[in-house]
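Peer 1: Residue numbers (my numbering), protein chains in the order written: chain A, 251 to 660; chain B, 146 to 480.
The hints are simulated quantities; they were obtained by calculation from the structure and are not laboratory data. Even glycine gets a Cβ: it sits at the ideal position worked out from N, Cα and C. There could be a bad hint or two in this list.
Chain B regions said to be covered by chain A (calculated; three or more residues, Cβ under 8 Å) [claimed, not checked]: (1) 168-174; (2) 256-270; (3) 291-303; (4) 309-316; (5) 441-450.
Think about it this way: if two alpha-carbon atoms lie no more than 20 Å apart in a straight line, the pair counts; the simulated EDC-like pairs of lysine to aspartate or glutamate are [as the list claims (entries may be wrong)]: (6) K298(A) / E584(A); (7) K506(A) / E371(B); (8) K506(A) / D164(B); (9) K529(A) / D164(B); (10) K630(A) / D300(A).
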Amino acid sequence: MYRKKVLTSLAAAATFSVLLSACANQAGPGTTESSGSSSKVNIPAISKVDVPAGAVKPAGDGKANCPSTTTLAYAGAETGPNAQLGVNIFNGIQLAIDQHNKANPGCQVQFKKFDTEGDPNKATGPVTQMVSEPDIVGVVGLPFSGESKATGNIFEQKGLVHITPSATNPTLTENGWTTFFRGLGNDAVQGPAAAKFLTGKIGAKKVYLVQDDSDYGIGLGTSTSAGLGSALAGTEKVTTGQKDFSAVISKIMNAKADAVFYAGYYAEGAPFDQQLVSKGFNGTFVGPDGVKDDQFIKQAGDASNNAYFTCPCIPGELITDFASAYKDVSKGAEPGTYSIEGYDAATVLLSGIDAGKQSRADLLAWVKAYDKDGLSKHYKWDAKGELQAPTVYGYKVDNGKIVPIGPIGE
Amino acid sequence: MLPSLVPLLPTENDWITFDIPSLIQNFWSATFDGLTFGAIYALVALGYTLVYGVLNLINFAHSEVFIVGCYAVFFTLSSLGFGPSAPRLDIWAIILNLLLALVLAMVASAVTAFLLERIAYKPLRQRNAPRLVFLITAIGASFTIQYLIYLWRGPSPELALTMFRPTPIFDVFGTIVDSQQLVIIIAAVIMMVGIDRFISKSRTGRGIRAVAQDPDTATLMGVNKERIIITTFVIGGLLAGAAALFYVMKIPSGVQYSGGFVLGIKAFAAAVLGGIGNVRGALLGGLLLGLIGNYGQILLGNSQWTDVVAFVVLVLVLLLRPEGILGTSLGRSKA
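Produce the entire structure from the sequences given, and follow the hints as far as they go.
Peer 2: Right under this line is the structure:
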């Protein structure tokens with residue numbers, strides 16, 4: 251008899267809970283919609299970018315000769331929580347190599363991939379294996395700052411040149427490495443640009459800064475908070491793999507911040523934004539290059555409508571030839587963040603191979619002396635391996651897609 | 146000072162700092178969030194406590210019973226069209242969908258608990274295995290289920306599920322209590338009161354207490370021990386399934402193969418904190434652990450502190466009261 255009673259009360263509890271939640275839901279969409287649209291700053295999207303006229307293409311002159319064992323490699327995430335950022339890059343590399351091999355029957359460059367899962371603790375194994383393969387003369391990678399920091403010495407010892415298409419932590423070029431080259435602007439550029447974007451174009455008065463515990467997140471958080479100055483309402487840290495953000499969110503709500511800058515990757519950024527909007531946050535969410543991916547929109551759902559991104563990457567999807575060729579390699583997906591940077595970095599290495607620089611030492615010297623336009627920008631590195639005058643672009647979420655809104659921070 | 150030692154020393158920015166103004170400012174929101182988590186811990190903790198009370202077994206695989214419930218919620222709701230975006234359904238459709246998810250999660254977890262008992266523990270009981278063997282089996286079963294899910298679904302978390310957008314219900318000292326928190330806390334408390342009454346008043350509950358007190362005498366008195374054991378596991382599973390729905394409601398992206406592990410440890414800690422084997426202890430321990438962890442992370446300024454603070458408090462309490470706060474065992478709890 252009592253069992254019946256218990257079952258009844260359990261059922262009653264369940265019904266009650268669901269009823270409550272449903273009542274809540276009824277009021278939900280209406281309020282979020284109205285407040286969401288009113289607070290969103292309208293920054294128009296751009297529809298084209300200028301490509302340097304004399305940009306080097308991977309195809310070259312078609313007369314290149316090289317041994318059939320010549321190999322370029324990619325090291326970085328193929329799997330793991332932030333895998334999509336790696337996929338964007340190696341599809342770009344694959345495209346460059348395909349175009350090169352098609353145009354140059356005498357030089358068929360092989361392409362090898364090494365999976366680090368984007369994790370600094372796992373990256374040393376595959377990279378050690380990679381540098382010990384003598385056929386590999388050049389590398390594009392590693393994409394993330396933490397893993398780049400963990401493996402830079404391994405490349406250095408074997409004199410293997412590597413161009414990162416996306417690692418932006420400023421301190422990476424301060425290790426005295428001679429084999430490390432950065433194919434984009436670093437966070438000493440991105441951070442201040444993001445700060446300017448937040449307080450300028452977005453018009454935020456109180457920005458809450460949330461950073462993760464990666465080298466990338468910490469570095470970017472530091473350079474952004476310096477740029478924000480008095481507009482910084484508070485700083486909070488989250489952990490890689492964190493799933494519940496309620497404590498951080500209640501601090502943001504109590505601080506009455508009108509914008510949040512998240513320095514980290516989309517694996518945590520997406521659920522964070524989703525929970526932030528669920529808790530009634532009406533302001534703007536700005537994320538950096540590590541968050542700028544379609545996976546962010548997929549994982550955050552309609553909450554992502556409040557999102558803007560900053561990125562030292564140029565919108566490859568607006569370069570029509572590149573975008574359509576890329577789709578053949580990626581099975582129909584549009585170029586993503588850093589696809590074009592991966593393509594350009596591979597092109598730098600391929601043009602060296604075509605010019606007869608087919609040993610590690612020769613190719614390293616080639617990259618050091620390189621001074622030409624790529625599809626995305628001009629490539630000429632300083633002694634530390636940094637590019638000169640890189641540009642930071644802004645992006646926004648528009649109807650479930652990421653669209654570029656032009657250069658920011660100038 | 147040796148320069149090499151300098152990085153090891155606490156510096157102003159990255160060592161322990163007590164952010165008391167922040168705790169005061171966020172006190173009430175931390176309280177409500179803490180209670181919400183505490184309610185979820187408590188529901189899972191009941192499963193540990195009941196099984197421990199009856200078998201003196203720490204069923205470490207209970208966290209996987211819970212995560213199976215989370216997957217049931219995920220599959221039910223995502224096949225009904227729920228996703229990261231807020232659903233655009235009318236109230237009654239959502240009520241039906243969530244009820245269905247609740248029922249399926251409870252069934253899935255209860256079936257898992259039942260199979261676990263039949264496959265992993267019953268054969269050991271029949272052979273009179275020493276208690277340590279049960280414990281190792283429990284840990285083994287936990288990893289087995291966890292990695293079966295891993296092989297099936299991979300390492301990444303499943304897509305988030307937004308069941309509804311929480312809306313503010315009322316204000317307490319300037320802090321908004323939203324519908325989600327209210328739903329979870331109230332529903333969980335009603336369930337816990339129901340279970341408490343069930344254990345203390347019903348015939349089956351009397352049987353559970355009798356077996357917990359003295360299995361042999363209980364058998365002599367006509368209690369079917371095997372049936373009681375199964376019932377205990379199934380009740381634990383049902384509650385874990387309910388907790389799974391609330392957990393996914395609270396943490397939409399929390400469905401992951403390893404997602405039950407830490408929660409299971411914390412629920413177990415909650416059971417120990419309140420006094421393992423004690424139904425009311427699990428409730429109290431769960432709520433306390435949720436609160437302490439949440440206060441701790443705001444006071445120390447980083448979410449990484451949640452577990453540290455919660456477990457330090459657990460150790461301190463156990464130093465003073467090794468039997469837990471309420472202490473009494475299931476068998477001796479008042480009828």
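Peer 1: Could you check the structure against the hints above and give me the numbers of any it violates, in ascending order?
Peer 2: Violated hints (numbers, rising): 2, 7, 9; every other hint is consistent with the structure.
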